[in-house]
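Sequence order for the protein chains is P and Y.
Taking the working numbering, the leading residue of the first sequence gets -9, the next gets one more, and so forth.
Taking the working numbering, the leading residue of the second sequence gets -9, the next gets one more, and so forth.
Possibly wrong hints are sitting among the right ones.
Because identical chains share one entry, a pair is satisfied inside a single copy or across any pair of copies.
Claimed, not checked - As a list, the in silico EDC-like pairs of lysine to aspartate or glutamate whose alpha-carbon atoms are at most 20 Å apart:
id, residue 1, residue 2
1, K566, E539
2, K464, D51
3, K255, E269
4, K393, E519
5, K63, E196
6, K566, D537
7, K47, D200
Don't read these hints as lab results, they were simulated from the structure.
Remember, predicted model here, so these are calculated numbers, not experimental data.
Chain residues, written in single-letter form:
Protein chains: 2
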Amino acid sequence: MKLPALLLVARIAQGAIPGLMPLPMKVEEVAGRLVIDSGFTVASTGATNARLDAAMKRLSDRISRETGIPLHKGTNRPALVVECKTNSPQTPELGEDESYRLDITARQATLSAATTTGALRGLETFAQLVVPGADGFEAPGVHIEDKPRFAWRGLMLDVSRHWMPVETVKRNLDAMAAVKLNVFHWHLSDDQGFRVESKRHPRLQELGSDGNFYTQNQIRDVVAYAADRGIRVIPELDMPGHMTAWFVGYPELASAPGPYAIERKWGVFAPALDPTRPEAYTFLEDVIGEMAALFPDRYFHIGGDELDDAQWKASPSIQAFERQHGMKSSAELQAWFNARVQAILKKHGKTLVGWDEILSPELSSDAVIQSWRGPDSLAEASRRGYRGILSFGYYLDHMLPAKTYYLNDPPAGLGGEACMWTEYASSESVDSRIWPAMAAIAERFWSPREVRDIDSMYRRMARMSRELEWLGLKHREDRVERLSGNEPNRRLYVLAGVSDATGIEVRRDARHYTSLVPLNRFVDAVAPESENARALEAMAARRNGTDIEALRVSFEQWSMNDTGNRFPEELTPLSKNLSATGAIGLEALRYLESGKAPPAGWIETQRRTLDGFEKPTAEVVLAAVRPVRILLEALNQ
Amino acid sequence: MKLPALLLVARIAQGAIPGLMPLPMKVEEVAGRLVIDSGFTVASTGATNARLDAAMKRLSDRISRETGIPLHKGTNRPALVVECKTNSPQTPELGEDESYRLDITARQATLSAATTTGALRGLETFAQLVVPGADGFEAPGVHIEDKPRFAWRGLMLDVSRHWMPVETVKRNLDAMAAVKLNVFHWHLSDDQGFRVESKRHPRLQELGSDGNFYTQNQIRDVVAYAADRGIRVIPELDMPGHMTAWFVGYPELASAPGPYAIERKWGVFAPALDPTRPEAYTFLEDVIGEMAALFPDRYFHIGGDELDDAQWKASPSIQAFERQHGMKSSAELQAWFNARVQAILKKHGKTLVGWDEILSPELSSDAVIQSWRGPDSLAEASRRGYRGILSFGYYLDHMLPAKTYYLNDPPAGLGGEACMWTEYASSESVDSRIWPAMAAIAERFWSPREVRDIDSMYRRMARMSRELEWLGLKHREDRVERLSGNEPNRRLYVLAGVSDATGIEVRRDARHYTSLVPLNRFVDAVAPESENARALEAMAARRNGTDIEALRVSFEQWSMNDTGNRFPEELTPLSKNLSATGAIGLEALRYLESGKAPPAGWIETQRRTLDGFEKPTAEVVLAAVRPVRILLEALNQ
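Work the whole structure out from these sequences, hints included.
Next comes the structure, spelled out in structure tokens:
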């Protein structure tokens, strides 16, 4: 039987099929289960190449690691055979055939794909299917047909505002591959840092990065690492705004005299490139030329967002230039600049990508528009004949619930890209800001549009979250006991487990942050969306006997968690609120069990109390409130 | 004030001084606290060398990692100044001066040491003193004078029975350095594998290791890594028994005709070197010569334990040899063999170390005896003029409570060595079998004999356990959800958190284990001594109001933990026992709170039930029983 999405979700919930993410286009159950033991091997019969070989080796290593079974050289027939029709180009390209078929029987598994890239995607599906069985590990009998809904499925990472070392980038590429993402958009320069080595103009990184930049060798290494995993790498050099870090070494590029220093604050800043000076284009020609050689992808991102035109307005020469060319606004000057940069890119065989501000008649129609401001600008771009990718609604630094991102559906177009801006994330915390929510977004980009069951998504995302840990992601790393100097502190875990870290909207107003403020507080060690609270919400909605008992244990734990705590001072209100929430939860359980209605106004009073508790404190939100709210609603019915 | 051990322990318990491990010889509190911020730097003023520089860099990196504060190049005076009188030899040696003094004031910290090695030890103490303060991180004002009680403080790791990759060895060296251990005894060959490359006789590793061996370059790298951390590396090539892996490639060395295969089972096996053939000594001369060049330490371990003399007894030529030389037993032949090996070692400038079976009049008196059989043999060795190190009572693979190891005091002599034999530990689980108990043993080897307060040890060991995690140790890694195929499974954590994994004594009888059986079950993911159970024991002994409430929450959680579980089948009895233990605990709390005596025989009945629950099941012991037992005792008074 071919399972439609809803039936498939039901079979996954029953455990008949492991919780795949992203969900394949078609899944059929087949009798039998393939045993995974120490003789497990993968072999390829069709087109083969170093990328496929490496991917097969990674699969074996991963299965060995995840199952704890050391793999010995199998002498039997291979457990998994990969039949690949043609070799994909060595460097992944937009629009490749990524489809695959996977057949697993008790005897053998067969993965068929038209291209290497399709095979890479299928290997990831196979890895997700390995589960413990009655005697060791196994993969269920299935027939899967799969291909992506969108061709451009990306993650943008800002490495300028907080530095992200190569190992951070690499482990995120591993995670991206695991959920079939195929574009890594590398935001390499901004006011706070220029992060890539230029040999032609070395003061860019020497003075613009505090020593935190990627050498050209490192870039080549990361690009190859991504290509191995079927991921394209798109560099972004943001211009003509967001360029302060360039001006530290080359103040003459700016529209106002220097000197300039690396920006330490967050926001939009005045410094902007002077687009009227011919020398600027010589310089850009050099840098773009170097980067074009370094990044083999045909697409190149020039940013173009959030230009503050104060310097342009204040510059007599720029104003004179505008008048002389009949330009009526800074926007027209920026459009003219973009067109010139586009011409430079073309010379190097590159297609321009930019944020939606770049949309203007001067732009030739092969440009790709990345919309961060909303679906309207994407529709407008499409109307004018540009291809578009949606990022609005996928801003990971807002740290919204995964379901919010998940239900945001890209319009017809190339696809979408989630964005991780890093004002409030360091290399230590960034994994926990991207994952596991990014896995849900990856499903939105890959799976059929009608796959949108929230409960199923959360269930599978929780499993994927653990899968990613085996791949080396650090999003579930425990760091809260740092706050008690490595002294055991179970109460701190209880509090952290039912708190949601807030995103940029709350944090930018909470205190004076700069790039020099360490991100080492409670909020930085807490996940954006408490998995624990979500489990309790499900129990509160179901309310069978076991659920009630489990809720009671949690509420009791909360209600006593504040007593004798050794928490950092800023957590005092949060901790008191948790204990009060526990007490309300216990009282609500008593009413529900006794069947006796609470006194008039009681529910309303508790609700208002919980409203207060849901306001951010210490830059976190008390997720514990949510299951208790559900009980109050049940009492109200 | 100079704090005697007990007073010091009290000040640590109050949090006035962080919980150092091993405890220094003398600690004085000093007014003020040194702020640790992003300007933190270390500088050296005295003798300096690459090892000290590297150690100072590691300290900075570690402080940055543990505090989450990115360190910028400080422009102020250094926060920590290291004054080192003389450079230690590049390769650490037995008996170096490892003493240091550490003074921390609000203004600056000063570390003074006679040697580089002493400075290395002091840097580790400084790292342990960094704790969160009112505003960021800080180190308390102290004056510390410290030096080790014993000169030989070791860990032996068996890499033959389960293969341990270089990264596993390196992270354990990091942990050893953190607790001031100074000898890494590398058990490189045994029946189950010959793990080091020989260029002269390459079939040793080619046929004797399944491809899992260290290249000579890797050995040099590890030896240098250890030396950097002030750790000596002693290689062990076990002979004339425990040599099956040698005979796979070189059957002619054995006392009976081949062919031989790598041993897959655990135990003591018949194959033994034929010590009567001159060719054996030519071969050993080659291999020892190679290894002597590879391992710079002056000491070289030849094993010598557990010889099964069946092959010798069955060999007419060996029996004839014995008669001809007037030997009355296999023991005399082994003694003669040891003396010849000792002569070979001497030629290469090496001093012989061996297990206590080697003790015989033929052995020249510079040999070092490592006692695994008991203190008596060590006393005997000492009586005969040999230097000794104690390993009896420090067998980590027995997985005893840390306090048992801790209270085992070495007699006068060189010191002690804990032993990690790896029949039941893979590279994945080995960290959790060594740590944190090894930290308690390290304190036994370093700190004054009178430091033996168990509660203080456990409190500080729990803190050290987290410190070690920051250093990359994997002993606290979560792996239990592997058993539910990465599906969230909180009940499994609850069960794992109050279970103790058993050691070799239980496991060897529990099922048929070989080196090919994966160590990926519940027992392999569980720690040898539940930290959680210990915390609950302390609460049960104290029984203040908060304790009672916390115990109740745990008991309720246990009592419902079995309902609707999704556990591997072998855990069914364990899980039921946990729930029953929770129920007994709840009932005991009710009696304690009501002040009403339980009915006659009730306590005795519960005790017997708990006795049954404490028998190993699924190769683990239910640690949850212990706090409940304490409550029963309280009721009985």
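Status of the hints after comparison with the structure:
Taking identical chains as interchangeable, the C-alpha atoms of K566 and E539 lie at most 20 Å apart only when they sit on different chains, with a minimum of 17 Å there against 23 Å within one chain. In this assembly of identical chains, the alpha carbons of K464 and D51 lie at most 20 Å apart whether taken from the same copy (19 Å) or from different copies (18 Å). Taking the closest pair of Cα atoms, K255 and E269 never come within 20 Å of each other, the shortest separation being 29 Å inside a single copy and 75 Å across copies. Taking identical chains as interchangeable, the C-alpha atoms of K393 and E519 lie at most 20 Å apart only when both belong to the same chain, with a minimum of 10 Å there against 40 Å between chains.
Taking identical chains as interchangeable, the C-alpha atoms of K63 and E196 lie at most 20 Å apart only when they sit on different chains, with a minimum of 15 Å there against 49 Å within one chain. Proximity of K566 and D537 under a CA criterion of 20 Å is satisfied inter-copy only: 19 Å between copies versus 25 Å inside one chain copy. For the identical chains of this complex, K47 and D200 are inter-copy neighbours only, at 18 Å across copies versus 38 Å inside a copy, given an alpha-carbon limit of 20 Å.
Checked against the numbered hints given earlier, this structure breaks only hint 3.
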